[in-house]
Structures are given as C-alpha cells and as structure tokens.
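Visitor: Chains G and A, in that order, are what the protein sequence lines are.
The opening position of the first sequence corresponds to residue 1 in the numbering used here, with each subsequent residue numbered one higher.
The opening position of the second sequence corresponds to residue 1 in the numbering used here, with each subsequent residue numbered one higher.
There could be a bad hint or two in this list.
Stated by the list, open to error - Label-pair restraints from in silico Cβ distances:
{"hint": "1", "chain 1": "A", "residue 1": "Pro160", "chain 2": "G", "residue 2": "Arg92", "range": "39 to 47 Å"}
{"hint": "2", "chain 1": "A", "residue 1": "Gly429", "chain 2": "G", "residue 2": "Asp19", "range": "55 to 63 Å"}
{"hint": "3", "chain 1": "A", "residue 1": "Gly754", "chain 2": "G", "residue 2": "Thr151", "range": "37 to 45 Å"}
{"hint": "4", "chain 1": "A", "residue 1": "Ser34", "chain 2": "G", "residue 2": "Arg7", "range": "35 to 43 Å"}
{"hint": "5", "chain 1": "A", "residue 1": "Ala65", "chain 2": "G", "residue 2": "Ala18", "range": "22 to 30 Å"}
{"hint": "6", "chain 1": "A", "residue 1": "Leu439", "chain 2": "G", "residue 2": "Ala18", "range": "46 to 54 Å"}
{"hint": "7", "chain 1": "A", "residue 1": "Pro434", "chain 2": "G", "residue 2": "Glu42", "range": "33 to 41 Å"}
{"hint": "8", "chain 1": "A", "residue 1": "Glu469", "chain 2": "G", "residue 2": "Thr151", "range": "36 to 44 Å"}
{"hint": "9", "chain 1": "A", "residue 1": "Gly604", "chain 2": "G", "residue 2": "Leu82", "range": "29 to 37 Å"}
{"hint": "10", "chain 1": "A", "residue 1": "Met44", "chain 2": "G", "residue 2": "Arg7", "range": "22 to 30 Å"}
{"hint": "11", "chain 1": "G", "residue 1": "Asp120", "chain 2": "A", "residue 2": "Glu176", "range": "57 to 65 Å"}
{"hint": "12", "chain 1": "A", "residue 1": "Ala65", "chain 2": "G", "residue 2": "Asp19", "range": "27 to 35 Å"}
{"hint": "13", "chain 1": "A", "residue 1": "Gly438", "chain 2": "G", "residue 2": "Thr151", "range": "35 to 43 Å"}
To be verified - Chain G is faced by these chain A residues, among others (derived, beta-carbon under 8 Å):
{"hint": "14", "residue": "Val25"}
{"hint": "15", "residue": "Val33"}
{"hint": "16", "residue": "Glu201"}
{"hint": "17", "residue": "Gly573"}
{"hint": "18", "residue": "Arg576"}
{"hint": "19", "residue": "Ser656"}
{"hint": "20", "residue": "Gly663"}
{"hint": "21", "residue": "Gln667"}
{"hint": "22", "residue": "Ala696"}
Since the hints were made in silico from the structure, they are not lab data.
Glycine is no exception: its CB is placed at the ideal position from the N, C-alpha and C atoms.
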Amino acid sequence: MTETEFRLNGRVVRGQMADYATLAAYLRDNLGHFEVKAGCGEGVCGACTVLLDGEPLASCLLLARQAEGCTVETVAAAADGLRQALAEAFVRWEAAQCGYCTPGMLLTAYAYVKGGGSFDSPSIRRALAGNLCRCTGYQHIIDAIAEVVSTWPAEG
Amino acid sequence: MAGRRIAGGPGVGGTTGQKFARKDVAAKVAGLVSYSGDTQGAGMLHARLVRSLYPHARITEIAIAAAQALPGVAAVLTARDVPCNVLAEDPSGTGGGVFTQPVLASTEVRYVGEPLAVVVAASPVLADAAAQLVKVTYEPLPAVFDPGLALADDAPPIHPGGNLCVQWHVNKGNVEEVLAQAPVVIQREYATQFVDHAYLEPEAGSAWLEADGVIVIRAATQVIEHYRRLAGMLNLPHSRVRLIAPYVGGGFGGKEDMTVEPYLALAAFHTRRPVRMVWSRQESLQARPKRHPMRFQYTVAASRDGKLEAVDINILADAGAYALLTPRVLFAAAVVASGPYRVLAARVVARAGYTHNVPSSAFRGFGAMQAAVAYEQIMDELAETLGMDPLELRRKNFLQRGDELATGERVETAVWLPETLNAVQAALGPEPQPSRPGLLVGRGYAMNMQPYGRTVWFGDQAAVWMGLENDGSFHLRAGVTDVGGGQAAVLGQIAAEVLGVLPEAVTVHFGDSALTPLTGGTFATRQLYMSGNAAVRAAESLRERIQRVAATLCGGDAKTVVIESQGVRTARGSARWHEVAAAARQAGVALEVLETFFAESGPGYDNRRGTAARTFPDFTYGCHGCDVEIDPETGQVQILQYVASHDVGRAINPLSVEGQIQGGVAQGIGYALTEEVLFHEGQCLNGTLAQYLIPAAADLPPIRALILESGEGKGPLNARGIGEPAISPVAPAVANAVARALGGARVRSLPITGEKVVDTLFER
Ligand code: FES
Ligand code: FES
Chain G
1 MTETEFRLNG RVVRGQMADY ATLAAYLRDN LGHFEVKAGC GEGVCGACTV LLDGEPLASC
61 LLLARQAEGC TVETVAAAAD GLRQALAEAF VRWEAAQCGY CTPGMLLTAY AYVKGGGSFD
121 SPSIRRALAG NLCRCTGYQH IIDAIAEVVS TWPAEG
Chain A
1 MAGRRIAGGP GVGGTTGQKF ARKDVAAKVA GLVSYSGDTQ GAGMLHARLV RSLYPHARIT
61 EIAIAAAQAL PGVAAVLTAR DVPCNVLAED PSGTGGGVFT QPVLASTEVR YVGEPLAVVV
121 AASPVLADAA AQLVKVTYEP LPAVFDPGLA LADDAPPIHP GGNLCVQWHV NKGNVEEVLA
181 QAPVVIQREY ATQFVDHAYL EPEAGSAWLE ADGVIVIRAA TQVIEHYRRL AGMLNLPHSR
241 VRLIAPYVGG GFGGKEDMTV EPYLALAAFH TRRPVRMVWS RQESLQARPK RHPMRFQYTV
301 AASRDGKLEA VDINILADAG AYALLTPRVL FAAAVVASGP YRVLAARVVA RAGYTHNVPS
361 SAFRGFGAMQ AAVAYEQIMD ELAETLGMDP LELRRKNFLQ RGDELATGER VETAVWLPET
421 LNAVQAALGP EPQPSRPGLL VGRGYAMNMQ PYGRTVWFGD QAAVWMGLEN DGSFHLRAGV
481 TDVGGGQAAV LGQIAAEVLG VLPEAVTVHF GDSALTPLTG GTFATRQLYM SGNAAVRAAE
541 SLRERIQRVA ATLCGGDAKT VVIESQGVRT ARGSARWHEV AAAARQAGVA LEVLETFFAE
601 SGPGYDNRRG TAARTFPDFT YGCHGCDVEI DPETGQVQIL QYVASHDVGR AINPLSVEGQ
661 IQGGVAQGIG YALTEEVLFH EGQCLNGTLA QYLIPAAADL PPIRALILES GEGKGPLNAR
721 GIGEPAISPV APAVANAVAR ALGGARVRSL PITGEKVVDT LFER
C-alpha cells in the first residue's frame with residue numbers, strides 16, 4: 001500500500017492504494033469517478049483517458065501512485081470556455097452514439113485544440129489515434145472538433 | 001416555448017427531418033451516464049468465470065475446495081448450483097428445432113472459453129486469484145474446427161443430433177434447365193472470416209436481491225426479455241426476475257445473446273448480496289460469439305446482353321459449438337443471396353455446421369451482410385466476363401416494385417436502387433488518380449438489400465405507455481434497450497411530433513423489464529419499426545383523449561383542439577394543463593394509454609419447397625461507392641473517399657441516420673481490410689485490441705452519407721430501418737475497388753490484407 005496525493009478536478013485527494021492499482025481502477029472503484037471509462041485495460045482504446053498535468057493519457061496504463069503530486073482532470077472537471085465549446089459542438093454534431101468513448105475523446109480533443117491543433121481533418125485524425133470509437137466512424141467527431149478549432153479564439 | 005399546431009396528424013411540422021440534438025448525447029458528453037459496469041456499492045461482490053482451456057474435452061473433475069477456502073471468497077458455483085442448467089431456444093421461430101446449451105458445462109466442453117464455474121469474491125483481484133485455484137481436470141477429445149470437415153461422415157459428433165445445425169432452401173424456377181441453356185455461366189467462391197463486435201463497453205453488469213425476493217440484474221444487454229430465460233434457469237416465476245438495461249456502450253448484435261446475465265443472476269441468487277461482473281477484453285475476444293465465417297459457391301447464368309437468368313448458390317457457415325442465433329442468421333443470408341436483382345431461377349442451399357470453435361451468432365448485418373460480399377462481387381466478375389460496365393449490368397437487373405424475390409414473395413414498396421446509385425456516382429466525382437507514380441487506384445460500388453424487422457411468423461409486437469402530468473409534461477415508457485442509436489430518444493421525438501409538442505416535453509423511461517412495457521429487443525433493425533409504430537399509436541390515442549377533454553372544457557370540435565406548452569386551445573377558448581387534468585378526472589377519462597403495435601404476421605417458411613408468401617416485413621436498399629489506392633510493394637489498401645446512400649423512407653432524425661451510416665461504413669471497412677479474430681485449434685491468437693485491429697480515425701477516409709427519402713417504409717412516419725443496412729455493402733464495395741485497382745485480379749477472401757493483395761498480384 002502506498003499513500004498518494006494528487007489534485008483531481010481541482011480538489012486534493014489523498015488515499016491509501018494498493019501498489020498495483022492503476023489510476024483508472026483507483027478513480028473508478030475507489031473514488032467513484034465512473035466518467036472515466038474502462039474499455040480494454042491495455043492502453044489501446046482511450047476510453048479511460050484523463051488529463052495528467054494537461055496531457056491526455058490512458059489512465060489504465062498508469063499506476064495510481066504515479067499521479068503523486070500531479071493534476072488529474074476528468075471530463076467531470078469544471079469546464080472552461082473551450083471545454084464548454086467542445087461539449088456543445090459534440091452535442092450539435094451528435095458526435096456520440098453509445099457515448100462510451102466520449103469522455104476520453106472529449107479530453108483528447110480539448111488537449112488538441114488547446115495545444116494549437118489545426119482544423120484540417122488529417123491532423124485531427126492523427127490526434128485521435130489513441131481514442132477508438134466503434135459507433136460513429138469518427139466523422140461527426142471530426143466535424144465537431146474542426147468547427148471548434150476554426151471558431152475558437154487562439155490563446156495569447 | 002410555443003407549442004406547435006397539430007395539422008393532419010403525424011409527421012407534419014415538428015422536429016422530424018430537422019437536425020436535432022438528442023437528449024442522451026448531452027448527458028454522454030458530460031460523462032453523466034452510468035453504464036452497466038459503473039457501479040460500486042458497499043459490500044458489493046465481484047464475480048469471475050472459470051472457462052474451458054480446451055476446445056473439446058471430457059471434464060472428469062472440477063475441484064473447488066481450494067478456491068472456496070480462500071478468505072474473501074463468497075461462493076464458487078458450478079453446474080450443480082444451477083437449478084435448471086439448460087438454456088433452450090427455437091431461434092428460427094418455425095418450430096424446426098429447439099437448441100439447448102448448458103449455463104455452466106459439467107461433463108463436456110465444446111469450445112475454448114466455455115464457462116465452467118462462477119467465482120464470487122470480495123474484490124476483483126480476489127475473484128481472479130480464486131478462479132486460478134479452481135482445478136479442472138480435462139480429458140481432451142478429438143475436435144473439429146472446419147464446418148466442411150464437421151459435416152463429413154467421419155467427423156466427431158459435436159451434439160447428439162449430429163453436426164448439421166441448420167439447412168435452409170430457397171427455390172424458384174428450374175435452375176438446372178436454365179443453367180444448361182444459358183449462354184454465359186460463371187462460377188466463383190468467396191469466403192468471410194470471424195470478426196468481433198469490439199464495442200468499447202465490455203460485457204458488464206450487476207445484480208442484487210430485492211427485499212420482496214425479486215432478483216434484479218442491471219446489465220449491458222440488447223434484450224431485456226431475457227428475464228424469462230433467467231427465471232427459467234433459477235426455477236422462479238417469471239415475475240420474480242427483473243432485467244434492467246441502462247444505456248449500452250455499443251451492441252451491434254454482440255449483446256443480443258446473454259453474456260454476463262445468467263452468471264450474475266446465479267451469483268446474486270446464491271450469495272444474496274450485490275454482485276458485479278465485468279468481462280475483460282481478452283475474454284470478450286476469445287469466448288463471446290463472433291460473426292459467422294461463411295463460404296460461398298456461386299454459379300450465375302446470364303444472357304450475352306447481361307440479363308441474369310439463374311443463380312445456384314451454396315452457403316456454408318461455421319456455427320461454432322452452439323446454435324445460438326445461427327438458424328436465423330443463415331436464413332437472412334439465404335433470402336437475400338441473389339441480391340437486389342431479378343432472377344428467373346434460383347436455388348439456394350444455406351447450411352451451418354457445428355464445430356469446436358467459439359459459437360457464431362448475431363452481428364449487425366446478420367448474414368445478409370456476408371451474402372452481399374458474394375453477390376456484389378460476382379456482379380462485377382460477371383460484368384467483366386461479359387465485357388460490360390458493372391453498373392450497367394446492375395441497372396439492367398435491378399429489382400423493382402412488384403417483382404418476385406427468389407423466395408416467391410412480392411416486393412411492395414419503393415426500390416430506390418437507381419436513385420441511390422446515381423447519388424453515389426455523382427458524389428464520387430471524377431475517377432481517382434494515383435497520388436504518386438507506381439500506385440494503383442480503383443473505384444468500386446456495391447448495392448444491397450437488407451431486411452428490417454423480424455420474419456413475419458414471429459408475430460412480433462411492441463408496447464408503449466404514455467401519460468400526461470398536470471403541468472403539461474409527458475411520460476413515455478417503453479422497454480427498449482438503447483445501444484447508442486438513440487433508440488429511446490427517437491420515441492420521444494416521434495411522440496412529440498404526433499402530439500404537436502416540443503421533444504423536451506416528453507421524458508422517455510426505458511429498458512426495465514418490470515416497469516416499462518415490453519417492446520422486444522434492439523436487434524434485426526426492428527426497434528424503430530416496432531417501438532416507433534407503437535409510440536405513434538400511443539401518442540395518437542393520448543392526443544385523442546386530450547382533445548376530447550379539451551373540447552368539453554373549451555367548446556368546439558375535438559379535432560380542432562390545439563395542444564400548446566401551457567395547455568390546450570380551440571377557436572372558442574383555452575384551458576391550462578391543470579384545468580385539463582381536473583376536467584379529465586371529473587369526466588372519468590384517464591390521460592394515460594398503453595398501445596401495442598403488432599407487426600404484419602404470416603405463416604411460417606416452407607423450407608421443403610423453399611418459398612414463402614412473405615419472409616421479412618420489408619427491406620432497405622442502398623448503394624455504396626469508394627476509391628482506393630494500393631501500394632503494390634506492400635499491398636496496403638488505402639481508401640481515399642467513401643460515399644454511402646440509402647433510401648430510409650423518411651429520416652426522422654437525419655443527424656442520427658447520418659451517424660448510423662458513417663458508423664456502419666467504418667465497421668465495414670474494418671471487416672473488409674483489417675479485422676479477423678484468428679483461431680488456431682480453437683485458441684484465440686489475437687485476443688487484445690492491440691492485435692485485433694478496429695479502424696482508428698486515421699485509418700478511415702472522409703465518409704459521406706447521402707440520405708434519400710422515398711416516403712415508403714413500414715416504420716413510423718414511413719421510415720425504414722438503417723442500423724444494419726449501412727454496414728452490408730461496405731466490404732464488397734471495397735473489394736470491387738481493389739479488384740479494379742489490381743486490373744481485375746481479385747482477393748476473394750476477407751479481410752483483404754496487404755499480404756493477400758501482394759500474393760494475388762504475384763499469382764497473375
Ligand atoms: S481502458 Fe485504458 S486504453 Fe482502453
Ligand atoms: S460512441 Fe460508441 S464508441 Fe464512440
């Protein structure tokens with residue numbers, strides 16, 4: 001068991017966890033953050049994506065104790081303007097069907113747009129490499145992201 | 001929020017046909033939806049299956065003592081603990097055969113991954129550890145993995161009744177005679193592979209016992225009606241088992257048969273505590289039913305000017321170790337085997353053999369998709385033989401309204417094959433050019449016809465309940481399962497349309513076998529057709545009651561009563577909702593209704609003669625086209641653009657229809673190019689998502705969906721089903737494009753891997 005502390009969606013969480021506990025399992029089973037989905041447990045599908053210090057990562061490949069001292073954000077974190085804009089575009093475009101990939105997809109999209117990603121579809125497709133969707137064929141997801149990129153005021 | 005006027009009943013005005021954001025999508029985007037595995041209560045136990053390691057073996061012992069002794073283990077359950085250890089089904093619905101399968105195998109296992117025991121423990125880790133401690137003693141037996149070999153005389157028997165799972169016949173005219181005289185006859189063989197549904201949400205659920213003794217299972221399923229089979233398994237009255245399906249994280253047919261449900265029910269039944277079960281991706285890939293691999297032998301006869309004269313078709317499918325829905329899947333393949341074309345004579349024999357592979361069962365496209373792989377490729381090959389343009393050949397033979405299918409039934413509704421083909425042709429634009437010298441490019445097309453709704457002899461039905469609150473908001477209750485296609489939301493949209501209110505006014509409660517009226521499962525592209533029609537009826541009948549009450553309250557003719565957000569209005573006056581409610585009470589009129597829609601029903605299939613007056617209620621037609629580019633060095637196929645068009649009768653929510661088509665195309669591209677669950681002697685060789693390759697965003701081209709509306713479907717507001725039709729033409733469209741690019745060389749087995757492309761080029 002290890003005691004670990006990190007900031008989750010703006011709040012400090014501290015707890016005992018098994019050394020082998022993945023961040024995904026800890027977030028879901030210990031903290032009840034079921035908006036973090038579990039799709040494969042092997043780092044391929046991206047359903048478990050969280051932002052670790054702003055970077056989208058598969059939480060099923062991280063040990064919970066690796067989050068020590070970090071900022072962890074899930075889709076349930078208070079949304080800033082960009083997150084809001086993306087969420088609205090996803091709804092407008094119906095970029096979710098079953099919705100199981102959606103929380104992870106949205107976080108990856110957020111990091112992409114925030115990082116100055118371009119609106120052309122090949123770049124967006126590459127950015128989504130770590131997030132699989134079996135329902136939508138990605139088209140509406142890409143349409144939604146492209147729309148936000150082209151309308152979102154660039155930062156700074 | 002101004003209410004809308006009702007004028008002339010359903011489908012006028014409202015949100016139908018508008019881009020309209022579904023309510024569930026907002027919740028999903030916010031991460032607010034609780035799926036079946038998203039539960040963790042105090043005291044919850046975790047269940048894990050012990051599965052067979054052998055494809056075929058006698059079980060001499062299952063030793064559970066060591067597992068039971070592990071601290072934290074609540075139960076280790078084997079066949080002995082299943083009150084009625086047999087699941088029985090008549091999947092073809094014709095009484096032709098009842099198939100059985102044990103819940104937990106006890107004496108013999110027939111495929112790798114077959115469940116043997118359920119371990120229930122305090123945590124997932126403990127359950128895993130205990131499962132390892134269950135010692136199963138196997139005596140391996142000879143096994144067979146090929147349906148052709150399984151049907152040979154010397155094959156080891158897989159079931160007491162023999163290894164033939166099902167055999168369907170379709171007969172029209174005298175095939176022998178036409179073949180003997182036909183000027184042009186070609187013969188080809190095609191093969192398809194095992195593929196997995198690979199939805200992102202794993203098989204998952206929880207179960208608990210209510211104080212009144214009702215066992216509740218909340219699980220990712222397409223079919224809440226399974227509660228009856230669960231009750232049968234537990235020897236309980238049907239009314240004592242309740243199955244709830246929250247939003248499902250993808251189904252595609254893979255959650256149509258039961259997955260976790262029986263094991264959860266057993267675990268809760270025995271431990272009397274809440275239990276959760278989630279299958280790993282590896283379990284899912286190894287042991288859950290797959291799409292049927294099929295082998296097709298086609299003989300096609302035509303006149304020199306390209307009129308189809310006869311088809312002689314043999315289909316052989318791998319049923320795997322148990323029947324599940326194989327008889328139904330094969331039936332769909334047999335019915336559409338000659339494609340959306342007129343033929344004078346047809347003979348189809350569709351068989352499925354048992355093997356010691358994982359069972360095959362339902363998967364979006366349901367047999368009709370595999371058939372399209374064959375009938376659309378042979379059209380191109382026939383065109384080549386005739387020296388004709390493949391599209392001209394198709395146009396010459398397109399099925400039309402009034403024509404007779406190979407089964408002998410007549411096509412009654414619009415057949416927009418030319419329209420969808422024209423749309424796709426126009427959208428694809430000029431022929432593709434290679435992006436650099438040395439690369440090969442080609443364009444391919446495929447048409448399809450796909451049934452929606454169950455075969456008529458099932459006497460299908462669906463019920464919807466609607467009620468009005470005295471603040472003007474509406475409840476709609478329906479036992480639909482929502483697998484992501486908006487199956488629940490669309491009912492609210494339809495009801496709102498009929499009532500003339502905004503969709504926000506209707507809340508849909510769904511997916512609970514005890515509390516919502518049963519609609520039948522979400523499969524066979526039947527849900528919109530069935531529940532949608534039931535929703536129309538419920539909304540109409542509730543509207544009629546509201547109008548009747550309003551007319552007495554305000555004066556005027558009931559038919560002219562307008563429903564608005566605040567209440568009702570006639571030419572003579574208006575009333576607010578609470579006044580309407582009070583008036584209804586006084587008049588003894590209940591502002592709540594239950595309506596059942598009965599699908600067209602008819603006699604069973606005559607399999608001896610191979611004909612029917614009617615098989616499926618109707619079909620959806622479409623055309624897909626794409627451009628591919630191939631690197632002859634690696635054989636890698638890249639799809640440059642993809643266009644898909646279907647006549648959906650009426651697009652109730654165009655955005656959802658578009659999404660269904662784009663998603664179907666993406667899955668179809670995986671089927672065409674990269675996906676195959678590989679088995680060696682029953683053992684899965686690629687049991688992770690890192691090895692089983694479903695398309696990622698970067699693997700796919702832009703996908704354009706062209707929605708056409710003939711206004712003729714048997715669904716609500718004249719809609720046709722689109723869930724399955726969208727996936728079926730993809731693989732043959734890609735295969736035809738690849739063959740074009742390769743100058744006529746053709747890879748006749750799926751998936752079209754780089755290796756096969758290079759081999760095919762080499763052989764030439
Ligand atoms: S669950 Fe973590 S990547 Fe799939
Ligand atoms: S919406 Fe179902 S996996 Fe993406």
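Visitor: Now tell me if each hint is right for this structure.
Guide: Hint check results:
1. A:Pro160 x G:Arg92: 39 to 47 Å: violated (57 Å)
2. A:Gly429 x G:Asp19: 55 to 63 Å: holds (58 Å)
3. A:Gly754 x G:Thr151: 37 to 45 Å: holds (40 Å)
4. A:Ser34 x G:Arg7: 35 to 43 Å: The hint (35 to 43 Å, Cβ to Cβ) is violated, given that Ser34 (chain A) and Arg7 (chain G) are roughly 25 Å apart.
5. A:Ala65 x G:Ala18: 22 to 30 Å: holds (27 Å)
6. A:Leu439 x G:Ala18: 46 to 54 Å: Because 53 Å falls inside the window, the suggested range holds.
7. A:Pro434 x G:Glu42: 33 to 41 Å: holds (37 Å)
8. A:Glu469 x G:Thr151: 36 to 44 Å: Given a distance of about 39 Å, which is inside 36 to 44 Å, the answer is holds.
9. A:Gly604 x G:Leu82: 29 to 37 Å: violated (59 Å)
10. A:Met44 x G:Arg7: 22 to 30 Å: Roughly 28 Å apart at Cβ, these two residues keep to the hinted range, so it holds.
11. G:Asp120 x A:Glu176: 57 to 65 Å: With Cβ atoms ~59 Å apart, the hint holds.
12. A:Ala65 x G:Asp19: 27 to 35 Å: Because 30 Å falls inside the window, the suggested range holds.
13. A:Gly438 x G:Thr151: 35 to 43 Å: Once the Cβ atoms are compared, 41 Å apart, the range 35 to 43 Å for Thr151 (chain G) and Gly438 (chain A) holds.
14. Val25: holds (5 Å)
15. Val33: holds (6 Å)
16. Glu201: OK, holds: Glu201 (chain A) within 8 Å of chain G, min 4 Å.
17. Gly573: Gly573 (chain A) check fails; min Cβ-Cβ to chain G is 39 Å, beyond 8 Å.
18. Arg576: Violated - the Cβ of Arg576 (chain A) stays beyond 8 Å from chain G, reaching only about 32 Å at its closest.
19. Ser656: holds (6 Å)
20. Gly663: Where the cut-off is 8 Å and the nearest Cβ of chain G is about 5 Å from Gly663 (chain A), the hint holds.
21. Gln667: Check passed: Cβ of Gln667 (chain A) comes within 7 Å of chain G, closer than 8 Å.
22. Ala696: With Cβ-Cβ at 6 Å, under 8 Å, it holds.
This entry does not satisfy hints 1, 4, 9, 17 and 18, going by the numbered hints stated previously.
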